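Keeping their order, the protein sequence lines are chains U and G.
Going by the numbering used here, 80 is the number at position 77 of the first sequence; the sequence numbering is gapless.
Going by the numbering used here, 244 is the number at position 173 of the second sequence; the sequence numbering is gapless.
Honestly, I wouldn't trust all of these hints.
To be verified - To be clear about the criterion: a stretch of chain G counts as covered by chain U if any three or more of its residues have a C-beta under 8 Å from a C-beta of chain U, and this derived list gives those stretches:
#, stretch
1, 110-118
2, 260-268
Stated by the list, open to error - Non-contacting residues of chain G with respect to chain U, defined by C-beta distances greater than 10 Å in every case (computed):
#, residue
3, C102
4, E107
5, G137
6, R140
7, Q187
8, A197
9, A198
10, P205
11, E277
12, G300
Worth flagging that the hints you see were computed from the coordinates, not collected in a lab.
Note that the structure is predicted; figures quoted are calculated from it, not measured.
Beta carbons: idealized from backbone N, C-alpha and C, even for Gly.
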Amino acid sequence: MSNQWPLWEVFIRSKNGLAHRHAGSVHAADAQMAIENARDLYTRRQEGVSLWVVPSAQIVASDPSDAEALFEPAKDKIYRHPTFYDIPSNVKYM
Amino acid sequence: MTAVNKDDLFEYALRLGDTSLVLGHRLSEWCGHSPEMELDMAMSNLGLDLIGQARLFLTYAGEVEGKGRDEDALAYLRDALDYRNFLLVEQPNGDWGVTIARQLYFSTFQQLYFQQLATSADEQLAAIARKALPEIEYHVRFATEWTLRLGDGTEESKRRIQDGLNSLARFTSELFDSDEVEDRLTAAGIAPDASALRPIWQERIEQVLAEAGLDVPPPHRPVTGARKGHHTEHLGYILAEMQFLQRAYPGARW
Numbered sequence: 004m005s006n007q008w009p010l011w012e013v014f015i016r017s018k019n020g021l022a023h024r025h026a027g028s029v030h031a032a033d034a035q036m037a038i039e040n041a042r043d044l045y046t047r048r049q050e051g052v053s054l055w056v057v058p059s060a061q062i063v064a065s066d067p068s069d070a071e072a073l074f075e076p077a078k079d080k081i082y083r084h085p086t087f088y089d090i091p092s093n094v095k096y097m
Numbered sequence: 072m073t074a075v076n077k078d079d080l081f082e083y084a085l086r087l088g089d090t091s092l093v094l095g096h097r098l099s100e101w102c103g104h105s106p107e108m109e110l111d112m113a114m115s116n117l118g119l120d121l122i123g124q125a126r127l128f129l130t131y132a133g134e135v136e137g138k139g140r141d142e143d144a145l146a147y148l149r150d151a152l153d154y155r156n157f158l159l160v161e162q163p164n165g166d167w168g169v170t171i172a173r174q175l176y177f178s179t180f181q182q183l184y185f186q187q188l189a190t191s192a193d194e195q196l197a198a199i200a201r202k203a204l205p206e207i208e209y210h211v212r213f214a215t216e217w218t219l220r221l222g223d224g225t226e227e228s229k230r231r232i233q234d235g236l237n238s239l240a241r242f243t244s245e246l247f248d249s250d251e252v253e254d255r256l257t258a259a260g261i262a263p264d265a266s267a268l269r270p271i272w273q274e275r276i277e278q279v280l281a282e283a284g285l286d287v288p289p290p291h292r293p294v295t296g297a298r299k300g301h302h303t304e305h306l307g308y309i310l311a312e313m314q315f316l317q318r319a320y321p322g323a324r325w
């Protein structure tokens with residue numbers, strides 16, 4: 004494993020105005036190569052207009068065993084969803 | 072446009088198409104064999120760009136010829152003597168260093184050449200060149216980055232890219248040659264004057280090599296012949312693989 008190139012996470016913006024979304028990962032020896040590899044792997048079918056690559060080692064992830072503490076409490080707080088309001092009929096997109 | 076000999080135009084479109092086709096095929100051979108899966112994809116992408124160019128040039132060649140041959144007939148049913156690709160592009164992939172050296176030499180040339188071809192008096196050739204230029208810009212960038220990486224990498228990577236550059240240098244002179252066909256087309260404003268591009272090409276290559284800490288290959292007697300269909304031994308093997316199916320099962324579709 005040690006002689007493998009490091010892993011990079013790839014984010015693609017599909018259209019101007021939208022946020023970059025995680026698309027997957029690539030191996031690459033340096034940042035420039037990561038961009039090129041991401042371009043060749045993930046944008047061959049016009050998937051995007053902009054790319055970000057981030058060294059996977061730099062991603063800080065939540066611990067799956069903490070999931071209960073982190074996410075359970077949100078489950079019974081339905082009042083946090085804005086579903087109790089009547090949306091005026093001439094508002095088309097919500 | 073002054074009256075242009077139809078045979079000249081056909082011949083010229085074949086040269087452009089065959090060069091893209093053969094290099095596209097060569098690059099496709101990396102699929103499944105590259106140093107990394109990511110590079111399998113990169114080489115296949117480059118190859119497909121070139122096959123795309125080849126299809127347009129060969130389709131146009133068939134139209135100019137007017138004998139009912141389409142891109143497939145021209146690609147699959149001509150023998151090595153009738154192929155007009157540059158010798159450089161039929162050279163074996165070798166190792167990664169050789170492949171990158173070949174790509175650096177060729178894409179740098181193709182970019183300069185197509186920038187001129189894009190203003191050709193022949194509308195169709197100009198349109199194909201304009202369509203291909205953004206692809207070629209990426210090919211140049213890819214080859215340049217890799218040359219820098221290998222030259223500036225380990226002792227072994229440096230040796231390999233230098234070997235590739237040295238062994239292929241003798242095939243580069245041909246890119247800038249001409250013959251009667253191309254001279255007539257240049258006079259008619261259709262074909263770029265390739266010889267005029269040589270100093271710029273040389274300067275760009277030397278700039279990349281200097282940055283990569285690599286030596287400019289020593290001068291070598293040029294090897295030429297493509298414009299007459301005189302190829303190195305390697306083209307026959309490429310065609311054998313590429314054409315086998317259509318030769319063995321004429322008209323096969325799937």
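Evaluation of the provided hints:
{"no.": "1", "hint": "110-118", "verdict": "holds (count 4)"}
{"no.": "2", "hint": "260-268", "verdict": "violated (count 0)"}
{"no.": "3", "hint": "C102", "verdict": "12 Å, holds"}
{"no.": "4", "hint": "E107", "verdict": "6 Å, violated"}
{"no.": "5", "hint": "G137", "verdict": "36 Å, holds"}
{"no.": "6", "hint": "R140", "verdict": "31 Å, holds"}
{"no.": "7", "hint": "Q187", "verdict": "27 Å, holds"}
{"no.": "8", "hint": "A197", "verdict": "25 Å, holds"}
{"no.": "9", "hint": "A198", "verdict": "21 Å, holds"}
{"no.": "10", "hint": "P205", "verdict": "12 Å, holds"}
{"no.": "11", "hint": "E277", "verdict": "22 Å, holds"}
{"no.": "12", "hint": "G300", "verdict": "34 Å, holds"}
The structure is inconsistent with the numbered hints 2 and 4, although it conforms to all the rest.
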